[in-house]
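**Q** The lines below spell out each chain.
There are 2 protein chains.
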Amino acid sequence: MIKERIEKLRKLLKERNIDAFYITGSDAHQSEYVAPRWRGREYLTGFSGSSGSVVITQKRAALFTDSRYFIQAAREIEKHGVILMKSGTSDPDPVEYIKREAGEKANVAVDASEISISEFRAMQKALSPLTLTAAEDILSLIWTDRYPVPFSPVVMLSDDITGEKSSDKIERVRDEIKKKGAAWTFISSLDDIAWLTNLRASDIPHNPVFYAYMLITEKEAILYTDINRFECLDNLPFSVKPYEEAISDIENHIAGTGYINDKRVSMSFSFLEKYSLIVGRDVTTDMKAQKNEREMEGMRKAHLDDAVSYVNFLSRLEREGAGDEIAVSDMLEREREKREDYLESSFSPISAFASNGAMCHYSASEESNRKITRGLLVLDTGGQYKGGTTDITRTLLFGEATEEEKRDYTLVLKGHLALSRQKFIKGTTGCQLDVLAHQFLWNEGMSYFHGTGHGVGCRLNVHEGPMNISTRLVDVPLLPKMVISDEPGLYKENRHGIRIENLIAVKEDMNTEFGTFYSFEVLTLVPYEKRLIDMSLLTEIETAQIDMYHERVRKALMPYVEKDAVKYLEKATSPLKEK
Amino acid sequence: MIKERIEKLRKLLKERNIDAFYITGSDAHQSEYVAPRWRGREYLTGFSGSSGSVVITQKRAALFTDSRYFIQAAREIEKHGVILMKSGTSDPDPVEYIKREAGEKANVAVDASEISISEFRAMQKALSPLTLTAAEDILSLIWTDRYPVPFSPVVMLSDDITGEKSSDKIERVRDEIKKKGAAWTFISSLDDIAWLTNLRASDIPHNPVFYAYMLITEKEAILYTDINRFECLDNLPFSVKPYEEAISDIENHIAGTGYINDKRVSMSFSFLEKYSLIVGRDVTTDMKAQKNEREMEGMRKAHLDDAVSYVNFLSRLEREGAGDEIAVSDMLEREREKREDYLESSFSPISAFASNGAMCHYSASEESNRKITRGLLVLDTGGQYKGGTTDITRTLLFGEATEEEKRDYTLVLKGHLALSRQKFIKGTTGCQLDVLAHQFLWNEGMSYFHGTGHGVGCRLNVHEGPMNISTRLVDVPLLPKMVISDEPGLYKENRHGIRIENLIAVKEDMNTEFGTFYSFEVLTLVPYEKRLIDMSLLTEIETAQIDMYHERVRKALMPYVEKDAVKYLEKATSPLKEK
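Note that the protein sequences, when read in sequence, are chains H and A. Mapping the first sequence onto the working numbering, position 208 (from 1) lands on 208, and the numbers just tick up by one. Mapping the second sequence onto the working numbering, position 284 (from 1) lands on 284, and the numbers just tick up by one.
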């Protein structure tokens, strides 16, 4: 099947004099998660992972993916004759590979709709003297039963939930781009558009966004998406035109300098490059990151609901036990589904027991699903609620903990606590605070290699920018009402994994003669695993911080947890040192 | 006098059709500290501070300087009719000022030798559509008794001190630039040249560098400096040509791609821009920053000498008292002068009592010199020794401390200690570690606004790059044998200042399954002020860290301090909690 597909594609490439075809694996909006239509990578190689690119030449088909997927990719692609190029090893990257494989005069092509202007221009430069062409959608010519662009119905969120009318947001966008010297902006990023329009849909699982483009000029606001998504088009503060018409229609509406995010706008819109352009991240990305008070209330309510479900789940787990990884995450999902405001999970849950937990992007499959015996379980899950989004990781203990497990858990917890209790002066970025989460592990010669914190949307994507907390130097200050995760971890190969994650929100703390200071409000309300805490490693401040948090959790949840969970909650939140 | 000078200059500008003349205040090598020849700023405005630029038009003369100097500048320049433009306020910067002042068609000029290529190109762009010209040295035409370029005698350091022959360093430079794709490099930075040649001189007070340029090609190495500095030219691994000939001679020796630091090479060498150029910081800057083992030994020995002097001084101060700020720093200087290897101070000492200490760049003058009564004294000093360079700040207490002083000192000390005891994974930058020094102050709504740490040369400049520890995001990892300061502070206007500074060196600590980890070796060996420590604010780890440091100090210094200082040293280094 896959071999046939590749041969069909090769024929089309030959006809078009294309020596190498590059498939980015992205959708037309550079989304982190894509609708099935854009699973061309899987269609051509059999690889079902969520990250990677493909290069097809007349002789070879190669998949490029990272260490998370080396084993899975090899298993899935080799039977189809596709070769694996391991990113981050001595294997060539796509550019090096194409140069080596396709010869010095090769014509290279990529589907214009699947590559951002920024990536295309960088690749063009790197491939030189080879030519890179932004081509038509060749894949669809062979993929005859390709999924269409999904156009699920949209719902308009009430002002109660969004806290700001779409018309007001559009006016703010106009002000922002004007300040930057631009007369219009074209937005391709789906969660930016969802935020701006106050619309939500279900085109992509877990991410309540919808495929669309948005054009805002001084006078007009046009949403390009399927018109049939709407029950009613009245009273919208923007006009709606068909998705496919964006390319041909935009130029009827723009004049003067434009503002675009060339990392998100695809090469299908490269005609915009003939205008004077200011390039930067979408202004909506910064606006969206700082929640308003109504959104903060929605986030707090979502976290309360989520915590009630979580404690009910923990209590049930203790009473009833759970057979395997999938059974555990299913049990939690069932508890979440009991909340009135719960919509769906905010991402595919990670439930990873014992050594599976040491693979920090492990996802349990029917095959890998592991029985729960003695050991640690990393449980990273989250929910979409009517008014907000949650993302929480707890490391659960089954049976008795080893000294090593307790020590590791406590060191991760100390970093998690240090970050969330730190106050910081206005202007501070996430990369400046990151060491607070790493410090105790580093002192013991240990570390983790994922980010410490990512931004989280409000009833939107569980990953959003522009800020983060990471060792990468990202120059974006943390500002009030930004919601971000605090999730240090530790992964010991073939032994165990640990991760502890709360969502925290930046808040104003104090103004002094030295300036304005911010601190974090902890949104997540679920107890830590006290049986995994090595008290001898805690300072008095840390002990007090845990006890205060647990007291807050107990008071917040007690009125709402089910009767059977009351005793569990009392025990789980009692002081570390019983007086 | 100054008015006359400005009038003379204006006449010359008019003849040359120059509407605005910009004086950067830099020397021809963009040195932090300059020889008197380059004090054109002071010659034309009367301002004696160490930082600022000047714009002269037919109508006005304006000085641009930062908040450290607002009061001093106003006092010094206003009597000469020069106006003050306060940097970092709503006042215009030089570019805005020139645009406003000199009209839309103005010709702007700057002495080519005093502006870097990088700064010139940026300013040219910012001034557009005005024209900016890199002009001849017009100032020297009116400044007839201007100081010459200083050419003090050079000394060649022995291999014992440098640990690496100049010829080997030159070979390493050739390797480095070859890796970057360049065939030659032209170096203008004075401390880079001193390091590369293993030569030292005294052209600039405190900084043992000498005015020179260095050209390294695949076959040649040419030092452009005064030939008469040398007692003997035999056996040098480079040829020596006159300083003035650099401009005309270089092109006889270069071909192909060059490597330059356009932030340090002046516009006098703008002819280099016609070559293919790779631009970056001088490769010597990175090489110099990582000391070799011999240099580390020299640094350790210098710090031992410095600490012996310091403790002798502290003991004398306790016995004899000191009348005023200058008397205190003089007393310390006299103790340093007793060490055989001591050469000179490594910068102009800061001795700032009580509220003077709250001005973090205060320098005591005859006028400001303050009597020592009760309170805190910030004493920031350092020495040049035969084999190394020191930089130390201690905050001394006279009389009894207030609760506020103790709390402030302890919070600063906690940050200072946290930074120096942190281990960190390879690849970590200074800006990632900075929060460790700020964290306790920020939690109390306090902060300081200078860098936490700067690189320090070995028998070289007390400030050197490329790494630092600061809230600015500088993407330079800390590497083994880099020497850097650890100097958090706190400045309360009209009350007191506090700063605690040690030099620390990066060292390899451990290799684990998670990677390579580094830690810091503390070089400075002088007790903290125990009477300023609020024990209730210290954790057990901090108490142990202080006690261990003091024990190390006592053991290291006891054999060397003078008899009268033995008791002082014992008392100053005894454990915080006497058992």
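Please keep in mind that the hints were generated in silico from the structure rather than gathered at the bench. From a predicted model like this one, the values you see are computed outputs, not experimental measurements. Any given hint could turn out to be false.
A pair holds if it fits inside one copy or across any two, identical chains being indistinguishable in the list.
Okay, derived cross-link-like pairs now, SDA-like style, lysine to any residue, Cα gap no bigger than 20 Å in a straight line [to be verified]:
| hint | residue 1 | residue 2 |
| --- | --- | --- |
| 1 | 3 | 168 |
| 2 | 301 | 13 |
| 3 | 492 | 516 |
| 4 | 371 | 92 |
| 5 | 492 | 512 |
**Q** A separate judgement is required for each hint: does it hold in the structure or not?
**A** Hints and how they fare:
1. Taking the shortest alpha-carbon separations for residue 3 and residue 168, neither the intra-copy value of 53 Å nor the inter-copy value of 58 Å comes in at or below 20 Å.
2. Within a single copy, residue 301 and residue 13 get their C-alpha atoms no closer than 54 Å, and across copies no closer than 70 Å, so neither meets the 20 Å cut-off.
3. In this assembly of identical chains, the alpha carbons of residue 492 and residue 516 lie at most 20 Å apart only when taken from different copies (16 Å versus 40 Å within one copy).
4. Taking the shortest Cα distances, residue 371 and residue 92 never come within 20 Å of each other, neither inside one copy (39 Å) nor across copies (69 Å).
5. In this homomeric assembly, residue 492 and residue 512 come within 20 Å of each other (Cα to Cα) only across copies, at 12 Å, whereas the closest approach inside a single copy is 44 Å.
Hint check: violations occur at hints 1, 2, 4; the rest are consistent with the structure.
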